[in-house]
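First to last, the sequence lines map onto chains L and X. Position 314, counted from 1, in the first sequence is what the numbering used here calls 314; the numbers after and before it change by one each time, with no gaps. Position 185, counted from 1, in the second sequence is what the numbering used here calls 588; the numbers after and before it change by one each time, with no gaps.
In short, the hints are calculated from the structure, not lab data. One should not assume that every hint holds.
As the list claims (entries may be wrong) - Straight-line C-alpha distance at most 35 Å; calculated DSBU-like pairs for lysine-lysine: (1) X/K482 with L/K281; (2) X/K573 with X/K529; (3) X/K661 with L/K318; (4) L/K143 with X/K665; (5) X/K604 with L/K281; (6) X/K584 with L/K281; (7) X/K573 with L/K318; (8) X/K567 with L/K89; (9) L/K374 with X/K665; (10) L/K240 with X/K592.
As a plain string of letters, each chain reads:
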Amino acid sequence: MSDFDGNNGPDLRAVVDEYRQSLGGRFKWLIPLVVVVVIIGLGLSGLYSVEPGEVGVVRTFGEETGQTQPGLHYAVPLVQHVDVVDLAKVRREEIGFRSGKEGGGQRVDAEALMLTGDENIIEAQMIVQYQVRDPSLFLFELKDPQKTLHVAAQVALRGVVGQMRITSSIEELPDTVAPLFEDDEEEDEANEEEAADDKKADGDKKADGDDDAKPKKDKMPAKKEDPLDKMDPSTDILTKGRERAQLLTKRKLQELMDLYESGLLITEVKLQVVDAPDEVKDAFHDVVRAREEREQLINKARGYREDRVPKARGEAQKIIRAAEAYRQERVLRARGEATRFGSILAEYNKARGITRERLHLETMERILQQVPKKVYIDDQVGKSALPLLNLNQTMTTVPGGAQ
Amino acid sequence: MKRLIPVLVVLALYVGFSSIIFVDETDHVIITQFGEFKRTISEPGLGFKVPFTQTATRLEKRILASDAPPEEYLTEDKKRLLADPITRWRIIDPLEFYTSVKTIAEAQRRLDDIVLSELRQELANKTMGEMVGSARGGMMANVTERTRKNAAKFGIEVVDVRIKHLDLPKEVQQSVFARMKAERERLAKGYRAQGQEESDKITSQTDKEAQIILAQARKRAEELRGEGDAVSTKIYAEAFGEDPEFYSFIRNLEVYEKALDKDATVVMSTGSEFFRYLDQPGKAPARPTP
């Protein structure tokens with residue numbers, strides 16, 4: 001039936017023949033129907049939709065002939081090819097770890113460990129967020145943009161970390177310590193000299209700190225008019241330098257991706273983890289603890305100061321007030337007694353003998369009334385007999401008594 | 404004859420399709436005739452060739468990567484480093500490419516060889532510190548430049564050569580960790596000592612100040628007391644100076660009264676002036692005139 005089949009028969013003919021045989025000519029109308037359905041199907045297959053935030057890149061015979069905006073579009077089948085690229089979607093790439101399904105990240109050592117500029121090793125984990133900025137570049141200029149980004153992000157991060165360092169010197173205390181308490185001017189010369197020495201020492205310290213900070217700055221090739229310039233390049237990557245590292249990495253990564261004509265826009269670079277590797281983590285954490293202990297000690301000392309100085313001031317006030325009271329009392333009493341004496345003296349001068357006698361007798365009266373034990377010895381008796389007294393109590397004689 | 408028509412149509416279609424090439428945005432196309440190079444089509448869109456006799460070969464036009472395996476390098480200061488370079492490149496001269504290396508895999512192999520040797524040479528002139536840190540950018544620019552020159556003969560344009568990873572060999576890593584640990588321990592000690600120092604500084608300063616405050620107060624207190632004593636002494640002296648003998652008399656009386664209290668025993672002679680009236684009430688004895 002088909003002499004031609006063997007020669008150059010395309011598959012189509014074989015298919016058609018098969019149909020003819022199986023249907024046996026009874027359903028001749030079926031063949032055109034199938035053809036029509038196939039053609040309609042093919043035609044309809046050219047329909048495609050572009051969602052909001054997406055763009056369709058149309059290639060006709062392989063050449064880019066246009067981009068389509070959100071909506072329903074038609075591409076001629078077999079001739080046109082459409083790639084729909086999501087421009088709004090924020091894509092994400094993980095460096096140094098792979099997040100599992102439950103969110104817990106699994107560290108990838110080969111990516112996470114890197115050398116710093118001072119030949120230390122740190123661990124870093126980073127997330128890069130990016131979007132497609134130019135769909136044509138994204139599709140046609142770089143093979144495998146995602147993988148490229150993954151590698152370039154590592155290149156960028158390592159480049160940046162390689163220029164940063166870990167703090168290797170003790171952070172100077174900000175000038176917190178005990179602002180010198182107003183030393184009284186009445187202090188000795190020795191004290192003043194000492195204070196002057198203190199001040200000089202402080203000044204030296206400050207100068208040293210400045211010297212440390214300056215030379216490191218020169219190491220970075222300066223990009224002018226750059227917010228990064230404000231950040232000190234010598235800061236520790238593990239702590240304050242992290243933000244700087246992020247910024248630099250983002251910039252560098254974008255540079256690389258532009259160089260590769262990736263059509264990607266890096267929207268964010270986030271350093272998730274920047275830490276010491278497990279092998280030395282304890283030692284690093286101990287430094288943090290030691291710093292906290294330092295703060296604690298200082299705070300405790302400050303607390304002592306806060307407590308001690310006011311108490312001393314209070315004590316000082318007490319001493320001074322007591323002395324003032326003493327002075328006042330002494331003066332007042334002296335005045336009072338002086339006045340009293342003056343008054344008595346005035347009266348005494350008017351009748352000296354009588355007043356003297358009276359004062360003496362009155363005093364004797366009071367004394368003899370209040371003293372319970374009294375011994376009166378006659379002069380004659382005292383001379384003849386041995387005066388023996390059983391003095392079981394302190395014996396006191398009136399000086400005026402024995403004349 | 405009628406039967407021949409569909410066959411002819413199919414034949415025509417086949418011939419047509421085999422003479423048409425869709426040149427994609429991502430491809431170069433090389434047309435060869437029995438292996439002999441004819442021309443290159445780099446413009447995307449429709450291209451044509453002679454059917455049957457000519458063959459179209461597609462070559463990647465996009466930027467490609469060549470990831471050489473990590474290798475150990477020796478730096479100038481005899482330190483060993485593991486470097487893992489990656490090269491980005493693209494085919495810019497398809498003919499050169501096709502005649503010299505033909506396939507991408509082969510091109511990658513050649514490129515890796517070039518990169519490795521360039522890198523080795525460059526690294527041998529750098530210390531490890533330079534390599535890790537500041538010099539890396541400039542160094543890789545050199546490597547890129549030379550690789551680019553060397554690879555040009557393959558019809559390849561090298562976009563850049565970068566170090567993907569730069570690590571220390573395992574055993575060196577351990578010694579770095581040991582060093583880091585020692586350094587941290589030093590810092591921790593330093594912080595603790597500094598804390599103690601600052602604490603002592605503040606404490607002793609405080610003690611000193613407190614002591615000074617008290618001493619000043621005591622000094623002032625003594626001054627005040629002295630003032631009080633002086634003033635009162637002056638007042639007494641002025642007042643009592645008017646009649647010292649009378650003052651002495653009165654004061655003595657007061658002292659006797661105070662000294663002779665309930666616990667005292669008084670022994671008196673009847674011959675004293677106090678008892679002068681006891682024996683001779685009529686006679687007034689001689690008395691001192693005040």
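(message) Would the hint linking X/K604 and L/K281 be met if the CA-CA limit is 35 Å?
(response) 32 Å, holds
(message) Please verify whether L/K374 and X/K665 have alpha carbons no more than 35 Å apart.
(response) 11 Å, holds
(message) With the threshold set at 35 Å, check whether the alpha-carbon distance from L/K143 to X/K665 stays at or below it.
(response) Answer violated: L/K143 to X/K665 is near 121 Å, above 35 Å.
(message) Against the 35 Å threshold, does the CA-CA distance of L/K240 and X/K592 hold or violate the hint?
(response) With Cα atoms ~22 Å apart, L/K240 and X/K592 stay inside 35 Å; holds.
(message) Checking one constraint from the list: CA of X/K661 to CA of L/K318, max 35 Å. Satisfied?
(response) Holds, at about 33 Å.
(request) Could you grab the alpha-carbon distance between X/K567 and L/K89 and see if it respects the 35 Å cut-off? (result) 27 Å, holds
(message) Between the alpha carbons of X/K573 and X/K529, is the straight-line distance 35 Å or under?
(response) 21 Å, holds
(message) Check whether the Cα positions of X/K573 and L/K318 lie no farther apart than 35 Å.
(response) With a Cα-Cα distance of about 72 Å, the restraint between X/K573 and L/K318 is violated, given a limit of 35 Å.
(request) Compare the distance between the alpha carbons of X/K482 and L/K281 with 35 Å, and conclude whether the hinted pair is satisfied. (result) Satisfied, since the Cα-Cα distance of roughly 25 Å is no more than 35 Å.
(message) Checking one constraint from the list: CA of X/K584 to CA of L/K281, max 35 Å. Satisfied?
(response) Holds - the C-alpha atoms of L/K281 and X/K584 are around 9 Å apart, at most 35 Å.
The structure fails to meet hints 4 and 7 from the earlier list, while all remaining hints are met.
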